[in-house]
Amino acid sequence: DAGITQSPRHKVTETGTPVTLRCHQTENHRYMYWYRQDPGHGLRLIHYSYGVKDTDKGEVSDGYSVSRSKTEDFLLTLESATSSQTSVYFCAISGTGTTDTQYFGPGTRLTVL
Amino acid sequence: QKEVEQNSGPLSVPEGAIASLNCTYSDRGSQSFFWYRQYSGKSPELIMFIYSNGDKEDGRFTAQLNKASQYVSLLIRDSQPSDSATYLCAVNRAAGNKLTFGGGTRVLVKP
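Top line first, the protein sequences correspond to chains D and P.
Counting along the first sequence from 1, when you hit position 105 you're at 105 in the working numbering, and nothing is skipped either side.
Counting along the second sequence from 1, when you hit position 44 you're at 1044 in the working numbering, and nothing is skipped either side.
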C-alpha cells in the first residue's frame, strides 16, 4: 500500500462546528487531492494541491478550504459543517505525469448531525 | 451530460465468464484513462491505465480504448467471486493532473 494515512477515520460532529481532516503521505509525491464519495455521485474532487502552499479548487469546493504547509501533509477544513457534508472523504496522492496513478488513502467517514 | 458515464449495474456474471464494463467520456482532450476497483467500505485501488488506442492486457484484465468514439472498456476474463466490487472509470484531462470519475459499475460474480 502507498504510504497514505488519514485521520480521523471516523468522526461524528454537529452542524455548525469546524472540522479538520488530515492526510499524511510518506511517498514524497507532489500532488495531493481531497475527494468526497456519495451514493449516486461517485468520487468528486474537492480541492487539490500541486506543491507546498499551491492549491486549487475542484468541482465541489464550496464550504471547504485546504492547506498544505509541508509536502507530506494536506489538511481539509470544513469551517462550519452542514448535514450535506456528511460523506466519505478520500485523500489521494500522485506524481506529476498524466499517466501517474493516483493512490488513495483509507478514507474518513464523516457524519454531520 | 456527465463528463464520464458508466452503467451503474449491477452487472451479474457467472463465475468463469467474461465481465464487460463500458465507460464513455465527453472531453475529446482527455489523455489517459484509469480503471479502479473498490470493494465495499474500502478505498479505490488501481487495476490498470491506458492512454493509447487499442487493447492493453494485464493478467485477467484487458482495457480497451477508442478515442474516436470516446469510450474505454474493461474486460475481466475468468471472473471470480473475489472480482465482485464496484469498478470506477477515471479520465485525466491533463490540466492539473486531475481525474474525473464515473459513478462506477457494480459487478456481482455468482459462483
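These are calculated hints, taken from the structure and not from any lab test.
Here a beta-carbon is modelled for each residue, glycine too, at the ideal position from N, C-alpha and C.
Don't take each hint at face value.
Below, in silico cross-link-like pairs of lysine-lysine (BS3-like), each with a Cα-Cα straight-line distance of 30 Å or less [said to hold, decoys possible]:
1. D:K70 / D:K57
2. P:K1067 / P:K1002
3. D:K70 / P:K1067
4. P:K1002 / D:K57
5. D:K57 / P:K1110
6. D:K11 / P:K1098
7. D:K53 / P:K1098
8. D:K11 / D:K53
9. P:K1067 / P:K1098
10. P:K1098 / D:K70
11. D:K57 / P:K1098
12. P:K1042 / P:K1110
13. D:K11 / P:K1042
14. P:K1042 / D:K70
15. P:K1002 / P:K1042
Sample of chain D residues at the chain P side, in silico, Cβ under 10 Å [said to hold, decoys possible]:
16. P8
17. Y31
18. R44
19. G107
Cross-check of the supplied hints:
1. The hinted pair formed by K70 (chain D) and K57 (chain D) meets the criterion: a straight-line CA distance of about 19 Å does not exceed 30 Å.
2. Proximity of K1067 (chain P) to K1002 (chain P) is assessed by CA-CA distance (about 17 Å); at most 30 Å being required, the pair is judged to hold.
3. For the suggested pair K70 (chain D) and K1067 (chain P), the alpha carbons sit about 38 Å apart, so the restraint of at most 30 Å is broken.
4. Only pairs whose Cα atoms come within 30 Å are accepted, and K1002 (chain P) paired with K57 (chain D) is accepted, the gap being roughly 19 Å.
5. Our distance criterion of 30 Å between C-alpha atoms is broken by K57 (chain D) and K1110 (chain P), whose separation comes to about 42 Å.
6. Distance hint between K11 (chain D) and K1098 (chain P) is fulfilled; the C-alpha atoms sit about 27 Å from each other, no more than 30 Å.
7. Restraint check: the Cα-Cα separation between K53 (chain D) and K1098 (chain P) comes to about 18 Å, which is no more than 30 Å; the hinted pair holds.
8. Straight-line distance between C-alpha atoms of K11 (chain D) and K53 (chain D) comes to about 26 Å, which keeps the hinted pair within the 30 Å bound.
9. For the given pair, K1067 (chain P) sits about 19 Å from K1098 (chain P) by alpha-carbon distance, which is consistent with the 30 Å threshold.
10. Among the hinted pairs, K1098 (chain P) with K70 (chain D) is consistent with the structure: their alpha-carbon atoms are about 21 Å apart, no more than 30 Å.
11. For a cut-off of 30 Å, the pair hint linking K57 (chain D) to K1098 (chain P) stands: about 11 Å separates their Cα positions.
12. Between K1042 (chain P) and K1110 (chain P) the CA atoms are separated by roughly 21 Å; this keeps the pair inside 30 Å, and the hint holds.
13. At most 30 Å may separate the alpha-carbon atoms for a hinted pair to count; K11 (chain D) and K1042 (chain P) meet this at roughly 17 Å.
14. Distance check on the hinted pair: K1042 (chain P) and K70 (chain D) sit about 27 Å apart at the alpha-carbon level, within 30 Å; holds.
15. The straight-line distance between the Cα atoms of K1002 (chain P) and K1042 (chain P) is roughly 25 Å, inside the 30 Å bound, and the hint therefore holds.
16. Nearest Cβ of chain P to the Cβ of P8 (chain D): about 15 Å, over the 10 Å cut. The hint is violated.
17. For Y31 (chain D), the shortest C-beta to C-beta distance to chain P is roughly 6 Å, which falls under 10 Å, so the interface hint holds.
18. Annotation: interface hint on R44 (chain D) holds; nearest CB of chain P at approximately 8 Å, less than 10 Å.
19. A cut of 10 Å between beta carbons decides the hint on G107 (chain D): the least distance to chain P is about 5 Å, and the hint holds.
Violated hints for the displayed structure, listed by number in ascending order: 3, 5 and 16.
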